[in-house]
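Engineer: Each chain, written out:
There are 4 protein chains.
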Amino acid sequence: MFNIRTDLAVEAREMYKGGHAGEIPGVLVDESQDDNIKIVKVTILDDDGAKTMGKPIGDYITIEAPDLRYRDIELEDKVAQKLADVIKKISNVNVNMKVLVIGLGNWNVTPDALGPKTIENIVVTRHLKELAPLQFGENICAVSAMAPGVLGITGIETAEIVKSVVDKIKPDLVITIDALASRRVERLATTIQVSNTGISPGSGIGNKRSAINMESLGVPVIAIGVPTVVDAATIANDAIEHLESALKNNVESGSPLYNVLKNMNDEDKYALIREVLSPEENLIVTPKEIDLLIKNISSILSRGINLALQPNLTVDEMNQLVH
Amino acid sequence: MFNIRTDLAVEAREMYKGGHAGEIPGVLVDESQDDNIKIVKVTILDDDGAKTMGKPIGDYITIEAPDLRYRDIELEDKVAQKLADVIKKISNVNVNMKVLVIGLGNWNVTPDALGPKTIENIVVTRHLKELAPLQFGENICAVSAMAPGVLGITGIETAEIVKSVVDKIKPDLVITIDALASRRVERLATTIQVSNTGISPGSGIGNKRSAINMESLGVPVIAIGVPTVVDAATIANDAIEHLESALKNNVESGSPLYNVLKNMNDEDKYALIREVLSPEENLIVTPKEIDLLIKNISSILSRGINLALQPNLTVDEMNQLVH
Amino acid sequence: MFNIRTDLAVEAREMYKGGHAGEIPGVLVDESQDDNIKIVKVTILDDDGAKTMGKPIGDYITIEAPDLRYRDIELEDKVAQKLADVIKKISNVNVNMKVLVIGLGNWNVTPDALGPKTIENIVVTRHLKELAPLQFGENICAVSAMAPGVLGITGIETAEIVKSVVDKIKPDLVITIDALASRRVERLATTIQVSNTGISPGSGIGNKRSAINMESLGVPVIAIGVPTVVDAATIANDAIEHLESALKNNVESGSPLYNVLKNMNDEDKYALIREVLSPEENLIVTPKEIDLLIKNISSILSRGINLALQPNLTVDEMNQLVH
Amino acid sequence: MFNIRTDLAVEAREMYKGGHAGEIPGVLVDESQDDNIKIVKVTILDDDGAKTMGKPIGDYITIEAPDLRYRDIELEDKVAQKLADVIKKISNVNVNMKVLVIGLGNWNVTPDALGPKTIENIVVTRHLKELAPLQFGENICAVSAMAPGVLGITGIETAEIVKSVVDKIKPDLVITIDALASRRVERLATTIQVSNTGISPGSGIGNKRSAINMESLGVPVIAIGVPTVVDAATIANDAIEHLESALKNNVESGSPLYNVLKNMNDEDKYALIREVLSPEENLIVTPKEIDLLIKNISSILSRGINLALQPNLTVDEMNQLVH
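Protein chains in written order, with numbering that gives the first Met the number 0: chain U, 0 to 322; chain B, 0 to 322; chain X, 0 to 322; chain E, 0 to 322.
Watch out, some of these pointers could steer you wrong.
Any copy, or any two copies together, can satisfy a pair, since identical chains are not distinguished.
Stated by the list, open to error - Here are the simulated EDC-like pairs of lysine to aspartate or glutamate, each with C-alpha atoms no more than 16 Å apart in a straight line:
1. Lys-77 / Asp-315
2. Lys-169 / Glu-159
3. Lys-16 / Asp-71
4. Lys-294 / Glu-119
5. Lys-162 / Asp-71
Hints were generated in silico from the structure; no laboratory data involved.
Put together the whole structure using the sequences plus the hints.
Structural biologist: This is the structure:
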């Protein structure tokens, strides 16, 4: 069956809700709006919820700011601050913890480069605390950062590299940053998902990720993701569904046409979509200006993370520590 | 009406042929196949042909090598050589001419950066012939090259910049390189179109280009283009057409369903597509590895152009002259 | 004779002053200090001054902020504002003028890429005023921008390209940005020179520039430059001079040793330096972190220029207009 | 005392030989010339040799090809082949080994980016052998590759990251690539050193490296390095020494001047050099076109390594496997 691709819990829920009344069993949802920023917290409570949603038990907080598509420094600052708040809320991070920030994805593939690009502006301090403990003392969080690359570039599973470094430097918390696939173009580079479940196998837009989570690492993992692409198959699927729905509205229930449409099953649709997109696999849909959008949103992510991890540093001090 | 977007003459013809018997009036087509390279020459003979095709009178030669999607040095060399042959055939270029090569497009937008990337490896000699005429003498073609950027970056129409430089340095021939939009994903980075009509207003994937042609510059213009994106709207449209066609095949002609489908006009389709893609404009579909594909095909283009313009230089000599 | 290389008027003056009492005839100097920013205005009044200084008659204002080597957002903002003030003072620019900003230098050579990098963040508005005169009306300065490349890349003299575009779009003012050579390492990326004389032949760190000035373009030219390299020959020369001076201080005037040293002429020194640096020409000295320094100082330059040209735009509005 | 900085064994030997007759005790030297490529093998036999040379016991093979400064495809191919030969000779690598290639250095600092740039074109196969053992079978060497970054970027000692990954994936051989400092400008980007001693603490041009060798990793380590910078202090020192020597030749032995010069000790010289270069530390001397040189030499390195590790793959097959 054709599977609409999404890495966002809010969209997995929307898709379910589309065909059902009431909330998903085993799932709690809490929404709030602050001016032009919407916060949606989806909590998967139990195995039922996890199964329906196709995602592990845990919290998924989404920060949605559609106006990020227009440059607006004030909004960008606000979203960065909101991200910091969400990270602090979901992780109980504090300056006494050692934190490892991991930028997942392939730096050679523009929409997959979000993680590595974000890492570039993380305030890295672990070595400074070791080299100059008096100057970088107790009020500084010991942060390290790396972009491990992807399997096709290194020949090593990303999860293997992360696991080996975690075992070596023993952080108290791991934060991952990853580019995601969404099913709605309006979410591209305007929505941030923060979850305490880590990375599940198969998510992310690049080479399918292996699990990077509490279970695999033995350390809590906060996963931060931003959708940067929509699968081309999703666009084709949406077009077909819109046509179906338009046709159905124009024919009487019970008529022969209605029955044809009703009986067109997922396999038929999948075959159609494959035909449209053949012979390419891995076709993605992005806004033309994706290079610029990645640059902006990665800057917001790094600011948010820095604010969460280093409450005792001024912006100037952070800038001096960024390379 | 929704307009399927293509910059390729072979596709404009295919789309017309799809609904009609026989060749397009005023259009000649000649095809040949050399192993895994197909050459299609579309000649638009008169105003009738130009109107139907939506393109100016002239020759459009397409080099199609689907296997370019797999790295194959031998095939790449062969395509570069074929491109050189086509350029020589379509332009009567010779080493006594002064040639200006223009890389169109926006270097900050990966799929639009084809032109600027190609320029990087053009063998530039105009200054050498002036500075050292004895060493770089009569058997060297005087080549200059530039990437003028796009309107949004410079505030100046690309055509204005090109025109002003052409008026100043007075080349005998202008060659442009541009990223195109195709309607078939299998043509992305595997098809090269060479035409002697120059650039028409509105073509190219970036900011719509103004005319850069014999009429505007007073100099012959060879336009080389490679499709690097498909409009997302094209994918949505194709999905809808496939569904229509599938449904039509399942219903009897004259039945009520058939009539509904028959009567679904272009405007209905356009409205559907807009709904699927809203609110983004400028959504593009590309293979995920587009960064790499652009790198490879731009290298083939520069080699082909260098071979066409500098028949008296060895590959080593060319390499020493490339920066 | 070996010629210490500097593009800074303040250094040309220092070098003269080193061997002479009093100010240079035909040259006025005015210094002021504002906290950690020093402003030096060198005015070359007449041909005598021009000949001694090796630079054309005109004003050369230098902004020196040695602390720029440490990231300090407040200082960076202050220097950007100071640059805006200096530009406005030296050029009588106003929002009714059409301004063309030119980023000189080779984007492939890190320390020469200052001009092109600065251009990336210039607020470009010329096309907006033409396309949407009501929205981008009388209070917006019509700014265009380009990085014409260097002779080795384009085969065309930079001055030719600039001249042809200026003739076409007829700006009221041209502003150039260029990487310079200094003779003092402490000035690298910490000193900005603004002059109303344009670019003289032979200056800049890249391929020697041709003249880009009022005389060649028919339009006033403000040249903004920042030293990014010291010639390796300068370092070698300084080492030798320090040794000479140390030796001279240790021997009595009139002694044989003193005479030997006194008689070691410039040619001897030049031969020594050539021997040290052979066989490379074009050796440059830079701080190891030059990539980062170029990024920071180019950001300050673009902010200062934007502030000078667009007094009626907010920072947010500028950001939305930058690509 | 001022220490002339070199990471090359051949230069450490030259510096010693400058002041002494005969070969260094505990050191063997073997030179051969093949057209325009010179191979020098320096073997440090015992602790005496190690102490004098300031380098660990082992083999250091240097490939010197001064003509690499001119683009010459044939020479580049020859040097790549020679590098493959040297690697095979010094390491007894074979296709049944698992090899990890490490690109040391900071990708944001042009002359330090040699290692990471080389990694980009290494044929990576470890995952393919695991995923498709039948297709990528016994005749393919299992190669993985990574660029771990530098301490200032990650907050983690490079050696720690390498050690943790080596412990995890257990390669049979580690190959490191690193940018070096030379004391001769003519060696920049034209000399390749291959040694079986691994990386000693404090070498490399970037942040001083920690040891990456047999002792620290428990696996043989082949270190490949190319000089990309000369310390500015070396240039200043050379200038002073040339002057000294010139002066000494002009004065009689025993004269007062001769004695002054003779008594000018290393500390005096060091003070002079510090004065010339103050206040910058970390000043480097490079050719202006260093960006281009790094690109070329890193391509030669990756080709040489690929040839050594994958004798059973054709060039086309390698290209298809490179990302």
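Engineer: Now, for every hint given, state plainly whether the structure supports it.
Structural biologist: The hints, checked one at a time:
For a Cα distance limit of 16 Å, the shortest separation of Lys-77 from Asp-315 across copies, 14 Å, qualifies, whereas the shortest one inside one copy, 18 Å, does not. Taking CA atoms no more than 16 Å apart as the test, Lys-169 paired with Glu-159 passes in both settings, with 15 Å inside one copy and 12 Å between copies. With identical chains, the CA atoms of Lys-16 and Asp-71 are never at most 16 Å apart, being 33 Å at best within one copy and 48 Å at best between copies. For the homomeric pair Lys-294 and Glu-119, the shortest alpha-carbon distances inside one copy (11 Å) and between copies (14 Å) are both at most 16 Å.
For the homomeric pair Lys-162 and Asp-71, neither the shortest alpha-carbon distance inside one copy (38 Å) nor that between copies (37 Å) is at most 16 Å.
When each numbered hint is compared with the structure, violations occur for hints 3 and 5.
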